[in-house]
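Protein chains in written order, with the working numbering: chain A, 1 to 153; chain B, 1001 to 1251.
Quick caveat, the hints were computed from the structure, so don't treat them as lab data.
Don't take every hint at face value.
[Said to hold, decoys possible] Residues on chain B that point at chain A, a partial pick, calculated with CB under 8 Å:
1. Ser1136
2. Ser1140
3. Ile1142
4. Ser1143
5. Val1145
6. Asn1146
7. Glu1163
[What the hints assert, rightly or not] As a list, the in silico EDC-like pairs of lysine to aspartate or glutamate whose alpha-carbon atoms are at most 16 Å apart:
8. A:Lys64 x A:Glu104
9. B:Lys1008 x B:Glu1072
10. B:Lys1162 x A:Glu38
11. B:Lys1162 x A:Glu104
[As the list claims (entries may be wrong)] Which chain B residues stay away from chain A? Per the calculated CB distances, all over 12 Å, these:
12. Thr1086
13. Thr1100
14. Val1131
15. Cys1134
16. Asp1194
C-beta: ideal position from N, C-alpha, C; glycine also.
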Amino acid sequence: MSNIMEIIKKYPREKRYTLAMLQDVQKHFNYIPRQALEMISEYVNTPLSNLYSMATFYKALSLKPKGKYVIKVCDGTACHIRSSMVLIDEIYNILKIRPGETTEDGMFSLETVNCLGSCAIAPVMVVNDKYYGKVSPAMVREIIKEYGGEKNE
Amino acid sequence: MIIKIDGKECTAQKGEYLLNVARRNGIEIPTLCHSDALPGIGSCRICIVEVVEKGRSRIVTSCIFPVMGEIEVLTNSKKIRDMRKTLLMLYLARVPENETIKKLAKEYGAKVPQRFSVDKSEDCILCGLCVKACESLGSSAISTVNRGVTKKVSTPYDEPSKECIGCGSCAFVCPTNAIRIEEKNGIRTIWNKDFELVRCKKCGEYFATKEQIEYINKKKDFNLEDEMLCDKCKKKKAGERLKDVFEDYKE
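Please model the complete structure; the sequences and the hints are all you need to start from.
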């Protein structure tokens, strides 16, 4: 837990740096451990309830551990009409996770996002920071294989 | 300065909030998210009124609208009534069985919209007044959690909060009675936490939680120990004190 302290100590003890601290903690642990939330609360002298409110408000922050690879399927208007839901179903077939869930081995998380600004290559899927455009269900399988998913089939 | 509200001339200080001016002059504007003990938060929008200035009319939220010039105000025009009706229709969509909302809705002729199916036991309209009350009167134990359709008011991790002092300010200010507070055998239960109640030294009625007294003692320099009185007895005592002063003065 000294890790947490190291991350938050980079910032001055002021309330306005709270979000930056939370983002750094999220990046380091892939989620925000309860202890981190309590430590930040003490560090910047802000009620825990305020931080909890923040951590549950922003989609970029998660209180549950996220997978090593976060798959984001765009479900914005353009991607939706180009059947992004089929991709989501296909991911469920392969990894057995629905949006918001993480595989038991902690490898993959699935999220939907509302627009990635890449409507020209709809439907779009992002794994961590890598973009995949014009994705078909068959491609989904290939992409997940790239990251070491679907071993047991 | 003088402003006209529904045709009545009212005096107002510059910067005073319109809702306060109206209420002081006996003009009733409905509110949900307002408590006299707290600054306006302008979230429920029921207190909207029409402000006419230089021949132009606009809609403002009276609880957070400071009076800056000579204006004319309409608190119950057709336009305002229609807008309140829409607002109440939306509130009904969320809390169809809530008595406060139902009563207001009836007054404005708003009906439950049929196309939504919701949890009928829901009473919270998410105005956020409880959170504000907890912040300034309690100990910031509650906050809004999540967002969008899953937004709610709760304690961190939905667990009994370490910070909560059981003062009940949140339940007291809640316009729709959405916060459950129970008192049984000297125990108050709120936000899934039990609090031992303390009796008033004079009348013997339960009036506050142990944690509340400790919190006040910690916050203020004086000790509450000799003032362990409930609201009623405190008022009585203050009244007697005033009476004594008055009688001394008469003699």
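Here is how each hint holds up against the structure:
{"no.": "1", "hint": "Ser1136", "verdict": "12 Å, violated"}
{"no.": "2", "hint": "Ser1140", "verdict": "4 Å, holds"}
{"no.": "3", "hint": "Ile1142", "verdict": "6 Å, holds"}
{"no.": "4", "hint": "Ser1143", "verdict": "4 Å, holds"}
{"no.": "5", "hint": "Val1145", "verdict": "5 Å, holds"}
{"no.": "6", "hint": "Asn1146", "verdict": "5 Å, holds"}
{"no.": "7", "hint": "Glu1163", "verdict": "6 Å, holds"}
{"no.": "8", "hint": "A:Lys64 x A:Glu104", "verdict": "13 Å, holds"}
{"no.": "9", "hint": "B:Lys1008 x B:Glu1072", "verdict": "9 Å, holds"}
{"no.": "10", "hint": "B:Lys1162 x A:Glu38", "verdict": "12 Å, holds"}
{"no.": "11", "hint": "B:Lys1162 x A:Glu104", "verdict": "32 Å, violated"}
{"no.": "12", "hint": "Thr1086", "verdict": "27 Å, holds"}
{"no.": "13", "hint": "Thr1100", "verdict": "25 Å, holds"}
{"no.": "14", "hint": "Val1131", "verdict": "8 Å, violated"}
{"no.": "15", "hint": "Cys1134", "verdict": "8 Å, violated"}
{"no.": "16", "hint": "Asp1194", "verdict": "19 Å, holds"}
Checked against the numbered hints given earlier, the structure breaks hints 1, 11, 14 and 15 and satisfies all the rest.
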